[in-house]
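**Q** With the hints as your guide, set chain B onto chain A.
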Amino acid sequence: MLDRLHDHGRARRVFRLRILFAALISLVVVLTLLGRAAWLQIAQHEHYLAKAEQNRTRLVVVPPERGRIFDARGEVVADNVATFQAQITPEQSQDVVAELAMLANVLGLDAHAVEALEERIRVSRRFDPVLVKADLDEVERARIARLKPWLSGTEIVSSLKRVYPYRALLAHVVGYVGRINAEDVKRLDPDAYQGTQYIGKTGIERQYEDRLHGEPGYRMVEVDALGREVKVLDTQRPVPGKDIALTIDVGLQGVAAAALGEYTGAVVAQDPRDGAIRALVSRPSFDPNLFVDGISHKAYRELLEDPDRPLYNRATRATYPPGSTIKPVMGLAGMEYGLIDPDERFFAGPYYQIPGNDHRYRDWRKWGHGWVDFEESIFRSVDVYYYDLAFRMGIDRMHAFLTEFGLGQKTGIDLPGESAGLVPSRDWKQRVKQQVWFPGETVIAGIGQGYMLSTMLQLADMTSTLATSGVRHVPWLVADDREPQPRLKLSSDDYWQRARQAMRSVVGHERGTARKIEAPYPIAGKTGTAQVFSVAQDEEYDAEELERRLHDHALFIGFAPYDDPKLSVAVIAEHGGSGSGTAAPIARQVMDFWFGVEPDADVQPEFTEHGD
Amino acid sequence: MVSDRLQPMRLGDRLGATLRSVFTLDPILLFFVALIAMIGVVAGYSAAEQSAAWVERSIVRLGLGFGLMLLIAQIPQRWFFAVAPWLFAVVVLMLVAVWLVGDMGGGARRWLDLGVVRFQPAELMKVAMPMMIAWFLARRRVPPRPLDVLVAMLAVGIPTVLIAGQPDLGSSLLIMASGLFVLFFAGLSWWYIGGFVALAVAAMPVMWFFVMHAYQKERVLTLLDPASDPLGAGYHTIQSMIAIGSGGVWGKGWLQGTQSHLDFLPEGTTDFILAVYAEEFGLMGLLVLFLLYLAVIWRGLWIAEHAESVEGRLLAASISMTFMVYVLVNAGMVLGLLPVVGAPLPLMSYGGTALVTIMVGLGMLMSIRTQRSFLGHDR
Numbered sequence: 000m001l002d003r004l005h006d007h008g009r010a011r012r013v014f015r016l017r018i019l020f021a022a023l024i025s026l027v028v029v030l031t032l033l034g035r036a037a038w039l040q041i042a043q044h045e046h047y048l049a050k051a052e053q054n055r056t057r058l059v060v061v062p063p064e065r066g067r068i069f070d071a072r073g074e075v076v077a078d079n080v081a082t083f084q085a086q087i088t089p090e091q092s093q094d095v096v097a098e099l100a101m102l103a104n105v106l107g108l109d110a111h112a113v114e115a116l117e118e119r120i121r122v123s124r125r126f127d128p129v130l131v132k133a134d135l136d137e138v139e140r141a142r143i144a145r146l147k148p149w150l151s152g153t154e155i156v157s158s159l160k161r162v163y164p165y166r167a168l169l170a171h172v173v174g175y176v177g178r179i180n181a182e183d184v185k186r187l188d189p190d191a192y193q194g195t196q197y198i199g200k201t202g203i204e205r206q207y208e209d210r211l212h213g214e215p216g217y218r219m220v221e222v223d224a225l226g227r228e229v230k231v232l233d234t235q236r237p238v239p240g241k242d243i244a245l246t247i248d249v250g251l252q253g254v255a256a257a258a259l260g261e262y263t264g265a266v267v268a269q270d271p272r273d274g275a276i277r278a279l280v281s282r283p284s285f286d287p288n289l290f291v292d293g294i295s296h297k298a299y300r301e302l303l304e305d306p307d308r309p310l311y312n313r314a315t316r317a318t319y320p321p322g323s324t325i326k327p328v329m330g331l332a333g334m335e336y337g338l339i340d341p342d343e344r345f346f347a348g349p350y351y352q353i354p355g356n357d358h359r360y361r362d363w364r365k366w367g368h369g370w371v372d373f374e375e376s377i378f379r380s381v382d383v384y385y386y387d388l389a390f391r392m393g394i395d396r397m398h399a400f401l402t403e404f405g406l407g408q409k410t411g412i413d414l415p416g417e418s419a420g421l422v423p424s425r426d427w428k429q430r431v432k433q434q435v436w437f438p439g440e441t442v443i444a445g446i447g448q449g450y451m452l453s454t455m456l457q458l459a460d461m462t463s464t465l466a467t468s469g470v471r472h473v474p475w476l477v478a479d480d481r482e483p484q485p486r487l488k489l490s491s492d493d494y495w496q497r498a499r500q501a502m503r504s505v506v507g508h509e510r511g512t513a514r515k516i517e518a519p520y521p522i523a524g525k526t527g528t529a530q531v532f533s534v535a536q537d538e539e540y541d542a543e544e545l546e547r548r549l550h551d552h553a554l555f556i557g558f559a560p561y562d563d564p565k566l567s568v569a570v571i572a573e574h575g576g577s578g579s580g581t582a583a584p585i586a587r588q589v590m591d592f593w594f595g596v597e598p599d600a601d602v603q604p605e606f607t608e609h610g611d
Numbered sequence: 000m001v002s003d004r005l006q007p008m009r010l011g012d013r014l015g016a017t018l019r020s021v022f023t024l025d026p027i028l029l030f031f032v033a034l035i036a037m038i039g040v041v042a043g044y045s046a047a048e049q050s051a052a053w054v055e056r057s058i059v060r061l062g063l064g065f066g067l068m069l070l071i072a073q074i075p076q077r078w079f080f081a082v083a084p085w086l087f088a089v090v091v092l093m094l095v096a097v098w099l100v101g102d103m104g105g106g107a108r109r110w111l112d113l114g115v116v117r118f119q120p121a122e123l124m125k126v127a128m129p130m131m132i133a134w135f136l137a138r139r140r141v142p143p144r145p146l147d148v149l150v151a152m153l154a155v156g157i158p159t160v161l162i163a164g165q166p167d168l169g170s171s172l173l174i175m176a177s178g179l180f181v182l183f184f185a186g187l188s189w190w191y192i193g194g195f196v197a198l199a200v201a202a203m204p205v206m207w208f209f210v211m212h213a214y215q216k217e218r219v220l221t222l223l224d225p226a227s228d229p230l231g232a233g234y235h236t237i238q239s240m241i242a243i244g245s246g247g248v249w250g251k252g253w254l255q256g257t258q259s260h261l262d263f264l265p266e267g268t269t270d271f272i273l274a275v276y277a278e279e280f281g282l283m284g285l286l287v288l289f290l291l292y293l294a295v296i297w298r299g300l301w302i303a304e305h306a307e308s309v310e311g312r313l314l315a316a317s318i319s320m321t322f323m324v325y326v327l328v329n330a331g332m333v334l335g336l337l338p339v340v341g342a343p344l345p346l347m348s349y350g351g352t353a354l355v356t357i358m359v360g361l362g363m364l365m366s367i368r369t370q371r372s373f374l375g376h377d378r
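From first to last, the protein sequence lines are chains A and B.
Under numbering that gives the first Met the number 0, the first residue of the first sequence is numbered 0, with each subsequent residue one higher.
Under numbering that gives the first Met the number 0, the first residue of the second sequence is numbered 0, with each subsequent residue one higher.
With the rest of the complex left out, here is chain A (with noise of 0.2 angstroms):
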């Protein structure tokens, strides 16, 4: 008991001297922070100074203006426009909350927005200027230019805001520009950017963004100990990104895209000669100035939520079957391998049969053709013909020939998004699907169908091709140096000419599929149909709706003037039933405003009146 009394005594000792230690070393600290402050503070004061001193100039950012667009006729079809923002400085402000309600009236501003604008004037800096209304018109300028005696912290400042004329027309081409997001800082030059507050999101606008946005300038001035601005040390001025040329037609496009009319669809048009795409048409489209400043969510939803997807490029994203618009290739891969002679005749009979199996892959025409040639297969388009073709010339050299027409791989054009097609081959379905390739896939790859899929942009530029027999070039959409395409050769030129004639019947031979839209100018072509095999469960129930939606796209390839093509055209009017009655007539068209000739029916062109 006493012992742990004595114990008791000792520890409370041990604990006192420890406690003074622990206050001593307390203190030693205290002292040694205080020391290096005063050494800081005092001994080095000049030299730190001077470094504050350094630190006083700052850099303000210059941000470029962006170049602009213009099509092939020099229209602008992407342009800057001067806009104008109202802006309150709380310190040069006697009142701000009065500056305010003078405001809100003037601009018509709602409760709930003054008390947003109260609140960032509270967050932030009191010399930092805070954005009251942006895009003000010509009447708020006058009213508040009238009341600035009584706006003192109130000052109008002036901007360039993107703007797109023809609004919906070009929206898949020229795509558009929106804010900065966190996901453009992560691909952009931080440096570069600086003060810029459009990046190109899509289309033509994002292709091109590093010509159009040019390189920011700069001003660096000296500022007071509030970061106030007191003097200009240094400027630099910005250089102004480059303006550019599409080979786009605005006329022709809107001709295009009138002649799709009610149909959701595409139309691309290349001249044939260099590979500039003349037009590029989706329907339907949106308007690309929604994006500019920001799409509300509501609308955003709406474009996502459309049946008919808008927001969809259908002319280079979007693939279908090519149906029977691969025909002229197949004939030209059936010469090439030497499984044709084009002035043989065959008997197409209703259906056809693979040797040994009972499966019936019928014609179109249910009582089939009878004896026909090459240049017969084509114009009436007879399917029994390229059944039996497709069969003896295998997947795998279908494939091969295919592919050296662009199909199943992305043609290079110098727009964002697009999609590569699809031309299967035994390796391909083994490699994808797992699975052994069946001899009937074969036989229907033959009209175009099965799992093939291309994009109207393949189609142009396939149709491009034939009408130059052979000449290849990258589909383009900006004026600038392309890498000469070799040319692609067969055994003869013969074969080049018998497709091209083929095709020249289609429209021209009095029992041609499209022989209702010859012209007085020669065109050649080839309808198609791409199946339409299903409506997806989810789709609202509607009778006629369905009706249209069962019905297939209807295709059409062209060129004109034959004997020296200058423009080929691919169409897709979806669910447009037969590629003779809606497609072929969209694609004159398109050609006859081309060539000048004057439309037989009244079709007016539009322009900015469409999509909105």
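Just so you know, these hints were derived from the structure itself, not from any lab.
It cannot be assumed that every hint is accurate.
Rough simulated footprint, nothing fancy, chain A against chain B, three-plus residues with beta-carbon under 8 angstroms [unchecked claim]:
hint: 1; stretch: 83–97
hint: 2; stretch: 244–256
hint: 3; stretch: 274–283
hint: 4; stretch: 287–293
hint: 5; stretch: 338–349
Below, a list of computed lysine-lysine pairs in the DSS-like style, where the Cα atoms sit at most 30 angstroms apart [what the hints assert, rightly or not]:
hint: 6; chain 1: A; residue 1: 428; chain 2: A; residue 2: 409
hint: 7; chain 1: A; residue 1: 160; chain 2: A; residue 2: 147
hint: 8; chain 1: A; residue 1: 365; chain 2: A; residue 2: 515
hint: 9; chain 1: A; residue 1: 160; chain 2: A; residue 2: 50
hint: 10; chain 1: A; residue 1: 50; chain 2: B; residue 2: 251
hint: 11; chain 1: B; residue 1: 216; chain 2: A; residue 2: 50
hint: 12; chain 1: B; residue 1: 251; chain 2: A; residue 2: 230
hint: 13; chain 1: A; residue 1: 132; chain 2: A; residue 2: 50
hint: 14; chain 1: A; residue 1: 132; chain 2: A; residue 2: 365
Facing chain B, according to a computed beta carbon distance under 10 angstroms, are these residues of chain A, among others [what the hints assert, rightly or not]:
hint: 15; residue: 43
hint: 16; residue: 83
hint: 17; residue: 86
Treat the numbers as computed from the prediction; the structure is a model and nothing was measured.
Glycine included, every Cβ here is placed at the ideal spot set by N, Cα and C.
**A** What follows is chain B alone, placed relative to chain A:
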């Protein structure tokens, strides 16, 4: 003492006594703490670009913090030690859970998500550690015998390693210090202490090569030569020293600091608030502030010395010295004496979690100071 009792009490005294009997606090400690917090708001207003909204948020937080401190001060200290072992065990389990669950989730492994609240168990451990060690050693003989020292060292070591592995080296060192301080005040032999110091020195190369992450090493190297990487790891240190040095003896005046306002100084309202303050209030301002911190620490040690229970003594002394380490780590970083670790300056830096931890500690100090009468004494 007896004669005191017999003297008639004046009204003021009686009022004060009544108040004290209902509501217990240590006015001296409260005074110094409140002064530091006020300086924090004044400096923060400048660092936050004179934002009224910031001041509102800051005052609300401080109000809640002081409320928490006064609430803790009302809890009888024996309650702390009644829950100490349980709290400690639960927090250790949480740390293990963070280690397990965190591994699956990847990324930040400091947080524990209990559905309703998400928090860092390491923060709780800062409170639980000194309570646990004080509770344990007070139930053994003081000064502690070798076996007790070993057990205490294990209790200190396990959470430290778990937290260091998160990795949160800063917190793990603070927690280790709070436990070791209890051992120190319990009368751990100087021989042991010398041995530990030697061991720590020997462990440094091991830490460097096997434990520390590349970014941590970089911070240490940068401290030796901040100019070697002026825009990377050295940036904070250089900008902070420019701000402080250019302040001089008398400072540039409130709201007149250039470095923080021009955004050259990052984290102005949080970890580097001391630099903002030193630029505007100069060496004299720092003198006042550091003396206030010293006053808080000394008052805490005085409370420890006058506490009646052994565990209360140990806990109060450990809290005081841990508070000192907080100040040292942050001020040392801002003044360019220690590497940059994300440690707040107690009561000055803007931040919720750290404030809660500090206020709980100060609340316990007040409880130990004022609730001394459970053995029947009254002084």
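**Q** Each hint: holds or not?
**A** Evaluation of the provided hints:
1. 83–97: This one is violated; 0 residues, fewer than the three required, reach chain A with a Cβ under 8 angstroms.
2. 244–256: n = 9 at 8 angstroms, threshold three: holds.
3. 274–283: holds (count 3)
4. 287–293: holds (count 4)
5. 338–349: It is violated, with 0 qualifying residues against the three required.
6. A:428 x A:409: Roughly 20 angstroms between the alpha carbons, so the hint for residue 428 of chain A and residue 409 of chain A holds.
7. A:160 x A:147: With Cα atoms ~25 angstroms apart, residue 160 of chain A and residue 147 of chain A stay inside 30 angstroms; holds.
8. A:365 x A:515: It holds: about 22 angstroms lies between the C-alpha atoms, which stays within 30 angstroms.
9. A:160 x A:50: The given pair, whose Cα atoms are some 40 angstroms apart, is violated under the 30 angstroms limit.
10. A:50 x B:251: holds (15 angstroms)
11. B:216 x A:50: Distance of about 27 angstroms is within 30 angstroms: holds.
12. B:251 x A:230: holds (22 angstroms)
13. A:132 x A:50: violated (40 angstroms)
14. A:132 x A:365: violated (68 angstroms)
15. 43: holds (5 angstroms)
16. 83: At about 28 angstroms, which exceeds the 10 angstroms cut-off, the nearest Cβ of chain B leaves the hint on residue 83 of chain A violated.
17. 86: At 18 angstroms from the nearest chain B Cβ, residue 86 of chain A fails the 10 angstroms test, so the hint is violated.
In this structure, the earlier hints numbered 1, 5, 9, 13, 14, 16, 17 are contradicted, and the remaining ones agree with it.
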